[in-house]
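Protein chains: 2
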Amino acid sequence: MAVGVRALAFDVFGTVVDYRSSIILEGLAWNEQKGISVDWSEFADAWRGQYRPNMDRVMSGELPWMNIDRLHRMALDELLVRFEIADAFTEAEKQRLNQVWHRLRPWGDSIPGLSRMRQTYTLATLSNGNVALLANMAKHSGLPWDVILSAELIRAYKPDPAVYKAAAEFLGCEPGQVMMVAAHENDLLAAKAAGMKTALILRPLEFGFNRPFHVSQPLSYDFVANDLCHLADQILD
Amino acid sequence: MAVGVRALAFDVFGTVVDYRSSIILEGLAWNEQKGISVDWSEFADAWRGQYRPNMDRVMSGELPWMNIDRLHRMALDELLVRFEIADAFTEAEKQRLNQVWHRLRPWGDSIPGLSRMRQTYTLATLSNGNVALLANMAKHSGLPWDVILSAELIRAYKPDPAVYKAAAEFLGCEPGQVMMVAAHENDLLAAKAAGMKTALILRPLEFGFNRPFHVSQPLSYDFVANDLCHLADQILD
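Going down the list, the protein sequences come from chains R and F. The first sequence begins at 1 in our numbering and counts up by one. The second sequence begins at 1 in our numbering and counts up by one.
In short, the hints are calculated from the structure, not lab data. Just so it is clear, the structure is predicted and the values come from calculations on it, not from any experiment. Do not rely on the hints blindly, as some may be mistaken.
With a straight-line cut-off of 27 Å between C-alpha atoms, the simulated DSS-like cross-links for lysine-lysine are [what the hints assert, rightly or not]:
# : chain 1 : residue 1 : chain 2 : residue 2
1 : F       : K165      : R       : K139
2 : F       : K165      : F       : K192
3 : F       : K165      : R       : K165
4 : R       : K34       : R       : K94
If you want a taste of the chain F side facing chain R, the calculated C-beta under 8 Å gives, among others [said to hold, decoys possible]:
#  : residue
5  : D69
6  : A135
7  : A138
8  : D146
9  : I148
10 : L153
11 : L171
Ideal Cβ positions, reconstructed from N, Cα and C, are used throughout, including at glycine.
Please put together the full structure from these sequences, using the hints given.
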């Protein structure tokens with residue numbers, strides 16, 4: 001039981017959905033349709049690789065405010081050139097490709113785990129993904145959120161402390177009544193610094209298999225769980 | 001069919017939920033529990049009566065930013081004195097009484113109508129009620145929202161044009177791809193001025209029975225519906 005916790009705030013990319021395999025699967029379909037032969041695992045890693053640096057450029061003021069859809073598109077346009085496939089896609093197809101992030105597939109445990117926890121807790125997203133992206137993803141996959149919260153709402157990006165503070169306020173909670181659930185330690189450590197409870201979800205496959213998997217500070221979190229069903233086991237009576 | 005519309009944005013108080021009878025029902029239970037004899041229809045009307053003036057005081061700068069929970073509580077404290085029952089309630093009971101707005105009951109057509117429309121459209125709240133209030137209400141009654149949007153997110157109150165503009169942006173839509181659904185003409189006219197489509201829901205019982213009911217500008221809206229099921233009939237194939 002998570003004493004005093006009323007709401008759970010979830011990181012989404014990597015924690016709830018498997019962006020890497022989702023992008024690879026859609027990419028392989030494009031290979032077939034377009035007669036191209038892109039290595040989509042490499043493409044997915046490169047795309048995701050631009051995520052943090054681009055958010056940091058927004059937060060430093062080097063770039064004006066842009067939501068994640070726009071940052072994804074900026075990165076996509078560069079990658080299409082780098083992978084030498086820019087001419088293979090029409091503008092409408094590029095838009096569809098960029099929206100793959102709205103169609104990311106949940107890890108197998110996500111919907112069963114969330115559905116169980118929703119009986120007892122208010123479930124919110126707390127993602128750097130923009131509201132429309134998160135809403136479309138939920139509608140596409142049936143993710144049972146009570147509230148879609150996004151760093152976009154205050155035009156900042158995690159791990160900016162303001163994001164966690166605003167989330168607790170919107171949820172009508174003290175920070176200590178909210179538990180951040182994430183697969184990424186920097187996210188949890190920032191949430192903890194903001195006064196939230198924390199739960200680490202182990203996602204050793206987030207970056208693909210054959211990758212080293214390491215937890216730096218396993219004792220820093222209120223809960224550590226193998227997946228969302230395992231978290232439900234720990235925080236439900 | 002609502003051509004080009006992707007998302008529906010709903011006013012909540014009066015449009016989706018029947019605040020008046022909800023407050024009366026809980027009030028009658030308090031009468032019994034406390035041995036008091038308040039006229040809760042009068043109380044409900046007086047409470048709701050302070051809603052618009054208090055939001056206007058916030059928007060004019062006379063009051064600092066306060067969300068609806070706090071405005072409701074400010075009004076409640078005055079009313080408890082005016083109705084001479086302030087001493088009958090403990091602080092915890094006053095908090096519970098104030099939270100009646102988190103437990104408002106949907107009109108009978110709301111959940112069936114929303115559930116049908118959700119198959120085709122993204123359903124968002126767009127209420128002056130705060131996020132936590134709307135989320136708790138949805139959880140309490142099973143209202144099937146995709147996204148909880150509130151004027152609180154940008155610290156303003158409808159009919160401020162910024163609220164409609166922000167809602168469309170968060171939904172990833174052009175204003176014309178969003179239809180505002182409301183029982184109140186000032187809300188719809190402001191949404192229309194912001195470029196949204198509009199649907200008027202007729203709620204002749206919002207203020208109780210034996211009240212005159214009048215629509216000022218019935219030709220100003222894209223749709224006029226008796227209730228949310230009737231709207232679904234009109235905008236679904």
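Structure-based check of each hint:
no.	hint	result
1	K165(F) <-> K139(R)	23 Å, holds
2	K165(F) <-> K192(F)	11 Å, holds
3	K165(F) <-> K165(R)	24 Å, holds
4	K34(R) <-> K94(R)	13 Å, holds
5	D69	7 Å, holds
6	A135	5 Å, holds
7	A138	7 Å, holds
8	D146	5 Å, holds
9	I148	5 Å, holds
10	L153	5 Å, holds
11	L171	6 Å, holds
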